[in-house]
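Please put together the full structure from these sequences, using the hints given.
Mapping of the sequence shown onto this note's numbering: residues 1 to 331, in sequence order.
To be clear, the hints were calculated from the coordinates, so they are not data collected in a lab. Cβ atoms here follow ideal geometry from the backbone N, Cα and C, with glycine treated the same way. You may find that some hints are simply not true.
[As the list claims (entries may be wrong)] Each computed EDC-like pair below joins lysine to aspartate or glutamate, with the alpha-carbon atoms no more than 16 Å apart:
#1 K69 to E5
#2 K84 to D153
#3 K200 to D267
#4 K69 to D234
[Stated by the list, open to error] Label pairs and their computed distance ranges (CB to CB):
#5 P271 to N233: 52 to 62 Å
#6 G114 to I22: 28 to 38 Å
#7 Y29 to K115: 25 to 35 Å
#8 V43 to V181: 18 to 28 Å
#9 V181 to A7: 29 to 39 Å
#10 V40 to I162: 25 to 35 Å
#11 R198 to N233: 55 to 65 Å
#12 R198 to R149: 53 to 63 Å
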Amino acid sequence: MDGSEPASTLACAGVFTTLAIIFSAMRLYSRAIIVRSVHVDDVLVVFAVMCSIALTTLIIFQAYNGLGKHQDTLPHNQAINFFKGIYGGSIVYSIGMLFTQTTFLFQYRNFFIGKWLRRSTDAMIVIVTLEGIGTTLALAFQCLPVGNRYIWDPYAPPVSCINYTAFWFFSALFNVVSSLVICALPLPLINSLRLPKRQKRWLLFVFALGFFTCIASGVRIVGLYISVQHSENDTSYYYCPAATWSSLEMNIGIICSCMPTIKPIVDRVFPELLHEPTRPMPPLRRITPAAGVNGLAGQPVDNGVPLTDKSLGTSAESSSVPTPKKHFEDV
1 MDGSEPASTL ACAGVFTTLA IIFSAMRLYS RAIIVRSVHV DDVLVVFAVM
51 CSIALTTLII FQAYNGLGKH QDTLPHNQAI NFFKGIYGGS IVYSIGMLFT
101 QTTFLFQYRN FFIGKWLRRS TDAMIVIVTL EGIGTTLALA FQCLPVGNRY
151 IWDPYAPPVS CINYTAFWFF SALFNVVSSL VICALPLPLI NSLRLPKRQK
201 RWLLFVFALG FFTCIASGVR IVGLYISVQH SENDTSYYYC PAATWSSLEM
251 NIGIICSCMP TIKPIVDRVF PELLHEPTRP MPPLRRITPA AGVNGLAGQP
301 VDNGVPLTDK SLGTSAESSS VPTPKKHFED V
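Below, the structure is given as structure tokens:
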């Protein structure tokens with residue numbers, strides 16, 4: 001490895017963490033300043049961004065202590081620091097993914113009122129939360145006795161630890177499956193909403209973006225496999241793909257979770273982007289026919305058709321498409 005891969009890891013982590021911060025700031029501005037309605041999901045995304053920043057900081061720490069270098073060339077203290085970075089990064093990643101996925105789910109509870117979707121969302125919140133807490137505790141206490149140096153000292157005598165390879169692949173596979181379920185949950189309901197075409201396309205687009213998180217989760221499994229295959233003798237040299245895709249997965253999830261909430265900002269900057277163009281009404285030729293001819297005497301008509309409130313479309317009953325509920329105006 002010539003040093004380009006650690007540089008790429010740092011660049012990806014830095015760029016996407018910055019994008020996650022920007023989109024989260026736009027989300028909070030939209031919710032707190034424009035809409036003036038802050039919800040649980042807006043608080044959760046703040047914690048997710050904090051975890052993203054912490055993970056990027058730990059990746060920088062790993063790079064400073066030998067990421068991309070052969071493990072047998074590292075001084076003992078530097079190798080210990082590198083594995084401490086991995087230990088801390090894995091815990092931060094687990095917590096960050098918990099906040100990221102629950103941000104999506106609590107967001108669904110605010111946007112949608114369908115009974116089936118709310119029950120499915122509540123079930124996923126419980127499942128994701130329990131798995132996230134369990135994974136975090138397993139990572140924190142992966143070896144006995146707790147706090148043993150073997151966790152971060154490759155030269156310490158082995159102790160009783162969990163099956164790290166099996167654990168990581170189970171956790172990564174769970175993230176892929178749960179991300180797929182979370183992304184797919186709202187799509188049928190969005191497609192059935194009676195919304196203007198542009199707003200419906202916007203909603204489908206921004207929620208479908210969440211599938212990029214699934215792609216990142218899948219690619220991360222490959223990176224973990226490469227790292228685990230060499231975990232006994234050269235982790236520092238082969239850990240770059242795992243570090244890169246762990247950061248990308250979390251940050252892409254944060255960005256995608258913020259996309260549906262920035263519509264008020266898009267409306268201000270591009271006011272015609274998400275709204276259907278209004279069609280001008282044709283000119284009316286007002287004629288007052290004799291009584292009993294195509295209408296009532298003295299009633300305005302257009303080409304012989306009486307212009308009642310209903311024919312003008314001013315009655316609420318004249319609309320074939322009901323107005324969407326208020327919470328969709330801010331999506």
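Consistency of the hints with the structure:
{"no.": "1", "hint": "K69 to E5", "result": "holds (10 Å)"}
{"no.": "2", "hint": "K84 to D153", "result": "holds (8 Å)"}
{"no.": "3", "hint": "K200 to D267", "result": "holds (15 Å)"}
{"no.": "4", "hint": "K69 to D234", "result": "holds (9 Å)"}
{"no.": "5", "hint": "P271 to N233: 52 to 62 Å", "result": "holds (60 Å)"}
{"no.": "6", "hint": "G114 to I22: 28 to 38 Å", "result": "holds (32 Å)"}
{"no.": "7", "hint": "Y29 to K115: 25 to 35 Å", "result": "holds (32 Å)"}
{"no.": "8", "hint": "V43 to V181: 18 to 28 Å", "result": "holds (23 Å)"}
{"no.": "9", "hint": "V181 to A7: 29 to 39 Å", "result": "holds (36 Å)"}
{"no.": "10", "hint": "V40 to I162: 25 to 35 Å", "result": "holds (32 Å)"}
{"no.": "11", "hint": "R198 to N233: 55 to 65 Å", "result": "holds (56 Å)"}
{"no.": "12", "hint": "R198 to R149: 53 to 63 Å", "result": "holds (59 Å)"}
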